[in-house]
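Residue-level listing of the chains:
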Amino acid sequence: METLMAFTLGFMAAGSVYLLLSHNLVRVLFGLILLSNAANFVIFAAGGMTEGLPPLIAPGAKGLTGVYSNPLPQALILTAIVISFGLLAFALVLVYRGYQELGTVDSDRMRLAEPPHPDQDIPEPEEPRRPQVRDASHRVGNIREPVGREPAGSDAS
Amino acid sequence: MSWYLIAPILVPMTTAVLAILLWNHRPAQRAVSAAGAALHLVTAILLMAQVWQGGILAGQMGGWPAPFGITLVADHLSAVMVLITGIMGLGVGLYSLSDINEDRERNGFHPLYHVLLTGVTGAFITGDLFNLYVWFEVMLIASFALLALGAEKEQLDGAIKYAVINVVATVMFLIAVGILYGLTGTLNMADLAVRLPQVEQQGLVTTVAILFMITFGIKSAVFPLFFWLPASYHTPAVAVSAIFAGLLTKVGVYALVRTFTLIFTGDVAYTHTALLVVAGLTMVTGVLGAAAQNEIRRILSFHIISQIGYMVMGLALYTPLGLIGAVFYLVHHIIVKTNLFLVAGVAKRLTGSMELKKIGGLYKASPLLAVLFLIPALSLAGIPPLSGFWAKLVLIRASLEIGSYAIAATAILVGLLTMFSMTKIWGEAFWKPHPGGDIRVLGISDLTAKERVLLIGPIVVFAAMTVAIGLWTQPFLDLATRASAELLAPAPYIEAVLGPSGAQHAGAQP
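In the order they appear, the protein sequences are chains A and B. Residues in the first sequence are numbered from 1 upward in steps of one, following the working numbering. Residues in the second sequence are numbered from 1 upward in steps of one, following the working numbering.
None of these hints come from the bench; they were simulated from the model. Worth double-checking, as some hints may not be accurate.
What the hints assert, rightly or not - Not the full set, but computed from the structure, chain A residues with beta-carbon under 8 angstroms of chain B:
| # | residue |
| --- | --- |
| 1 | Ala39 |
| 2 | Met49 |
| 3 | Gly52 |
| 4 | Pro73 |
| 5 | Val95 |
| 6 | Arg97 |
To be verified - If you want a taste of the chain B side facing chain A, the calculated C-beta under 8 angstroms gives, among others:
| # | residue |
| --- | --- |
| 7 | Leu97 |
| 8 | Glu137 |
| 9 | Ala148 |
| 10 | Leu156 |
| 11 | Ile179 |
| 12 | Thr235 |
| 13 | Gly361 |
| 14 | Tyr363 |
| 15 | Pro367 |
| 16 | Val371 |
Claimed, not checked - Computed far set for chain B versus chain A, every beta-carbon distance over 10 angstroms:
| # | residue |
| --- | --- |
| 17 | Lys161 |
| 18 | Val164 |
| 19 | Val168 |
| 20 | Glu200 |
| 21 | Pro320 |
| 22 | Gly403 |
| 23 | Trp426 |
| 24 | Arg452 |
| 25 | Ala485 |
Keep in mind it's a predicted model, so treat the numbers as computed, not measured. A virtual CB, placed ideally from N, CA and C, is assigned to each residue, including glycine.
Between the sequences and the hints, there should be enough to build the whole structure, so can you do that?
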């Protein structure tokens, strides 16, 4: 069981890293969600996995005895879930607000706080308005550009 | 249960709640905010006095004995950090009354500010790793909101980067905590200190130590994990970036100091050498980054990074003198850095910008502000007799003592470069005439009386503190010495938390 869990965790972590490295902030958010769930599973697995043994104290007994499933990791995870839910909800709103103000979810084109160096090859100057679908084909490696603009449609639904 | 321990957390929490209840009554909200900050300082002073007289103070929440319940514990380091949080909280709180505009106040600046103080204070006092995680989150969510408050384009851009990297850091923290729990079956820091040496898989312990190092490294912006800081700290309102500059990264440093003196001391040769390398690179990259900038707050942001290097260096040396230096540096730097951001705010108020190319003539307009800038600036660069000189001196002596000449040379060189970029601000903003030609730069006398008290008052007090630490160094060194002694010999800390029989205590099995 632990081995299976370890592999699952590995895949989740790898997937989240892949998503986190994306330019598209929506993907980054998905990466964060995946990563925080992976973290919860880490605690769960680290706390020891026992099958079919509830963390209940038998009538008359004063504590848990023998082999039992440890309730503490579950309490930790519960706290962590609540907290990360709050953080991720805030992050989602932040990205959406950023999209409204900056007109993009591409982190490379958000260069207001840190203006690009003149020598740096940053794609096209920042235009603070909602993006039209423009010809982006001259930009190398940016074929997926329209995907980044998806929220314009989803926001109406 | 000692009230001295709970009060510094409870007061800002209550203030935040009151401020939320008074959401639509701005004057009342402002009064509550200022009073709450003052009361927070009072509780912090009481805690400091208590710890100074009676030694380490520990309390168990809900009366659960130590390894099971949540422990609050204050040794000299915690107490002094809480005290400095109280001082900064009040100073910046007063400054914010004049600096934060009505719009931001309406959107909840005051409650958020006190939630931030709650989180910071809680992180300093807690004695439990999972609880530390929770306080980090309290602090983090407040800082996200404060950073984005006002929702200017720059702010949103900075806030997104800040938020994403910090969430990643917290998740890593959680993973590390989980693995540590799996290894030892406890998350109480004192209990961990007892049990970790008994763990068979010491390799895994070192791995977890590195995870913690990365986590707290992101929080405290060390090389190479610092890039989020200069991307975000210069975007929000001045009062917000001042309190961030003073406190937020220092919580990361505090956590590093705490964990790497109390818990992860099994493989000092490896972990602390890694920290030393990181410290040197942090100093150099920070100061070089600062040299390339042309906006006051961005220069100052990069300086935070290079100064963090000094504190980590003190920890990495892991000698009594090194830790004295680290503690001394922490306190000195919080005061100086907050003050510099506050001065930058006033400079913006008087000249209308923070871009060095667009401003000038401040010295002619208000020599007083020039002096108030010079005191923290020279202290940051390490000019005697200001506080920064003693902090650097102690650290450099500590590194010479154990023959780490490379890091000593780096520290001195970085001090010189700091001086260089401070003279850059001085020359551009204060000395050269205003590029607008005949534009008259406002002086302090042009501010209203209320603004003078609220904006200049905290700056004067902080500057006086910098000078005082520089001239009467001995009491502060004594305090740092006590803190460092406790950090290097954690037995009293463990005993205070776990009780006399603590070392033999057998807790729950994982």
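Item to check | Those earlier numbered hints the structure runs against, lowest number first | outcome: 2, 3, 7, 13, 14, 15, 16, 17, 18, 19
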